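Construct the complete structure from the given sequences, taking the supplied hints into account.
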Amino acid sequence: MTTTSHAATDPALALDTLLTPEERAAWRALNDQARSWPEGPALAHRLEEAAARRADEPAVQADDGTYTYRELHAEADRIAALLAEQGVTEGSTVAVATARRLGEYAALLAALKLNCAYLPLAADGPARRLEFMLADSAAAALVADAPAAALLSEAGVGSSLTARVVAGASRAAPAGWTAGEPAPRGRRPSAEPWDRTAYVVYTSGSTGTPKGVMTGEEALLNFCAWYIDRHDVLPHDRLCQTAPLTFDPSVQQLFPAWLTGACLVVVPDEVQRDGGEFLDWLAAERITHLDIVTPHWVQVLDVAARRGRAALPALRWIVVGGETYFFHQTHRWHRVVDSPARLNTIYGPTEATVNATEFLVDPGVTEGQVPIGRPLPNYRAYVLDETGALCPPNITGELYLAGTGLAQRYCSLEATERSFHERTVAEDSTERLYRTGDLARLVEFDGQWALEFQGRTDTQVKVSGYRIELEEIQAALAAVPGVTAAAVVLRTEPAKQIVCGYVAPGLTGEQVRAELAERLPEYMLPHVIAPLPALPLTANGKVDKDRLLALAAERHAGAATGGEEPRGPVESAIAAIWAEVLGVPRVGADDDFFVRGGSSLLAFRVVALLREKGVAIRAADLLQARTVRALAERATTDGQLAAADGTDAPDDGADDIALLPDPRHELADDTGQHLDLPPATSLALLTGDTEDVGDHAVLTLGLPLDIDPDAVREALTEVVRRHPLLRTRLDTSQARLRLRALHVVRFDLPVLEGNSPSLVDRVRPLLFGHTGLRRQLPVAAALVRLPGGTRLLLAVRHLLVDGNALRRISRELAAELGLGARPTPSAPLTEQLAELRERARGMRPVRHLNAYLEAERQAQRRLAPRLTAEHTVTEVAAGELPASFLDGAGGALEPRLLA
2 MTTTSHAATD PALALDTLLT PEERAAWRAL NDQARSWPEG PALAHRLEEA
52 AARRADEPAV QADDGTYTYR ELHAEADRIA ALLAEQGVTE GSTVAVATAR
102 RLGEYAALLA ALKLNCAYLP LAADGPARRL EFMLADSAAA ALVADAPAAA
152 LLSEAGVGSS LTARVVAGAS RAAPAGWTAG EPAPRGRRPS AEPWDRTAYV
202 VYTSGSTGTP KGVMTGEEAL LNFCAWYIDR HDVLPHDRLC QTAPLTFDPS
252 VQQLFPAWLT GACLVVVPDE VQRDGGEFLD WLAAERITHL DIVTPHWVQV
302 LDVAARRGRA ALPALRWIVV GGETYFFHQT HRWHRVVDSP ARLNTIYGPT
352 EATVNATEFL VDPGVTEGQV PIGRPLPNYR AYVLDETGAL CPPNITGELY
402 LAGTGLAQRY CSLEATERSF HERTVAEDST ERLYRTGDLA RLVEFDGQWA
452 LEFQGRTDTQ VKVSGYRIEL EEIQAALAAV PGVTAAAVVL RTEPAKQIVC
502 GYVAPGLTGE QVRAELAERL PEYMLPHVIA PLPALPLTAN GKVDKDRLLA
552 LAAERHAGAA TGGEEPRGPV ESAIAAIWAE VLGVPRVGAD DDFFVRGGSS
602 LLAFRVVALL REKGVAIRAA DLLQARTVRA LAERATTDGQ LAAADGTDAP
652 DDGADDIALL PDPRHELADD TGQHLDLPPA TSLALLTGDT EDVGDHAVLT
702 LGLPLDIDPD AVREALTEVV RRHPLLRTRL DTSQARLRLR ALHVVRFDLP
752 VLEGNSPSLV DRVRPLLFGH TGLRRQLPVA AALVRLPGGT RLLLAVRHLL
802 VDGNALRRIS RELAAELGLG ARPTPSAPLT EQLAELRERA RGMRPVRHLN
852 AYLEAERQAQ RRLAPRLTAE HTVTEVAAGE LPASFLDGAG GALEPRLLA
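Using the working numbering, you'd call the opening residue of the sequence shown number 2 and step up by one each time.
Treat the hints with care, since some could be wrong.
Estimated spans, in silico, between C-beta atoms of each pair [claimed, not checked]:
#1 Ala-285 with Arg-172: 30 to 36 Å
#2 Gly-790 with Gly-569: 44 to 50 Å
#3 Gly-569 with Gln-625: 17 to 23 Å
#4 Gln-625 with Thr-493: 24 to 30 Å
#5 Asp-591 with Gly-157: 30 to 36 Å
#6 Pro-341 with Ala-139: 43 to 49 Å
#7 Trp-195 with Gly-88: 32 to 38 Å
#8 Pro-506 with Asp-591: 23 to 29 Å
Think of the hints as simulated: they come from the structure by calculation, not from any bench.
Nothing here was measured: the structure is a model prediction, and the numbers come from that model.
Each residue gets a CB set at the ideal place from its N, CA and C atoms; glycine is no exception.
Structure representation (structure tokens):
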């Protein structure tokens, strides 16, 4: 209170001068990470010493074979000698073409043996981007194995370099490349340790071009010493390489293995894309250390939960980082995977040598966001306000990093000056700081101080673990010939983020995508590229990002797709699973999985869900056959799918979002019989009256701002599973009407952000467009993040529930989320069934079932413009729920409910 009042009366007073002694002590405790490591020679000589101790043991295992340490270093020595013959000297940068084959590992080791930095380049990357990196880094040489050399030569990449060497067993060399054996080497480079540049890795740049980060040997050795010590890396261990060499997490996968004499095992691409195969591979290869980005780990966790308990007895450590995740996920991992592995969460930008903080996860903790933790040895972290003053605990500011782990600089001096600063922060000492652009706060967790991630200050995002600047994508779009204006927005959906690009004027999305693929790597290509006559503008003449997000939501929710309807059971099954995974109402036979918002990580779920339905594909198939029809041609089935004979087959759930059928579930009334309804019925069965088709009960429930959407989704799924009435659909497959309960695999929960008038328009179709009894569930929900808190909006058809039922649903949701006492167990909701039967008996007939179905479709079309006027809201007794959970219910779905 004293600090607040002083700041209010003296706004010029620096915040850190107001810190109490206890608050300053908290920062000192967080940053008390000084540590000395045993001294030793330069990095290359340490690698040679470890190799000598393990000469005949495997050093790296890749798709094209295995190198022992003796073979790896022999090939690296050959390449280094050829580079030296061609004039490459100490301190140069050597570009290494990467394709997950053995040659590239010998090539990067050769660069280090020359006391040079290695620069990894994706052999199949856009030629313009590769040429920029070679020029920006002042690369002196290019090394590639024979296939990659041929690919680069054909694209004209590196043609200006005189030093080009072929690595690997093949000596086939394109024109201008050198292969074969060198002359005996002369003097070896110095073994004295000094802070030479060890590697250069490029990240996305906010100015429209990528930035090359130069990391020194001292920082790398400090980081590796911590990694080996913390994770107990031993000579007989097998470390898994999931990241390509162009992605800096590869550094913490490769060097700890080689510095200890352990084996680096490269995950095959086709295995990494398939969650089930990946789990089997981890067990078969006896992997001891798994380093994995958060989205990939979550996908693997989902597959493990679906398959039943997995056994990974050799796995001792899992290192997870790249994006925020939550304790209920780590707790779930230990429930579904039988392994002694400990889990360490890590955080850090490329500019801080891969990672800068860590947090060891306690598997017993089940709620909340996992902190990014405490600085690594010889690192320091500070949270500063806008004036550069140190923030007190629990106050959000921008995160700055300092210490041995900082990169030397960017290749661009201008970029270096923008991000690296000399500044006095604490204890009157001046430090070199890196400005991360991340928001964080210092919090106390389990008796220790730790950092908690709070978002970004700019438009940088993480997609599938990769750091992406939306400005770089926008600049690349604007550079496409024929494009006069471009904008990029990020749409957040459950378990995925969709990058949406908009261009004006009228080029097609595919034309722009083809040109963009020549400028950006695949992971940076927008999921959606939409042409517009002109970009929408605000009253101030700026691009209206809220309107673009609304357009993205409309595109996502809209049912119109190109091409034909899926034909046959295989195409129908694939289309249904795609719709579930992508969160869209329907998918056409010619829709492109990646254009509709798919990613390589979402391909995991597609493969797993299709396998459950008896359709076998590989994730690699999905990358090559990107449409439903093309993928169906590659699929094999186990014979369980129904034949496509043109007749009405029993309902297989293919129309449902986030549903799979389970014949064990039939909706029974209070006598235990199926609820068979007279075939002569009417639209009033569903609505009571054709004029009240929009009648829903709507709850608006207040949740904590930092609530995990996955936790809410799991809570909703559990409640819907518990009550057949909430997962009922109308079954018309046997020339009669029947209410049938489906097995819910995952309840669909869209997540929206913003605070604009268009938000209501985005919410309405999500709540009321998917609650008919024929095609979807009678219940729908949306999670809306607002500056003042998070709202869960829940809509249920009034036909199936009344106020008492809604009160019970609310209590159960609160209990599942840990926000209220768990109610006394009771039977599933069945109160409405007897009334339904009586109403059905008294309905006037319709002549044909098709007429009934058309009436329902017409009613759904009339629904949208009448939502505000006709949707009723069932009140819930506020006294029965915690105030923090129940925000309120009453009135129609209007902007005030989202305020």
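Evaluation of the provided hints:
no.: 1; hint: Ala-285 with Arg-172: 30 to 36 Å; result: holds (33 Å)
no.: 2; hint: Gly-790 with Gly-569: 44 to 50 Å; result: holds (47 Å)
no.: 3; hint: Gly-569 with Gln-625: 17 to 23 Å; result: holds (21 Å)
no.: 4; hint: Gln-625 with Thr-493: 24 to 30 Å; result: holds (28 Å)
no.: 5; hint: Asp-591 with Gly-157: 30 to 36 Å; result: holds (35 Å)
no.: 6; hint: Pro-341 with Ala-139: 43 to 49 Å; result: holds (47 Å)
no.: 7; hint: Trp-195 with Gly-88: 32 to 38 Å; result: violated (22 Å)
no.: 8; hint: Pro-506 with Asp-591: 23 to 29 Å; result: holds (25 Å)
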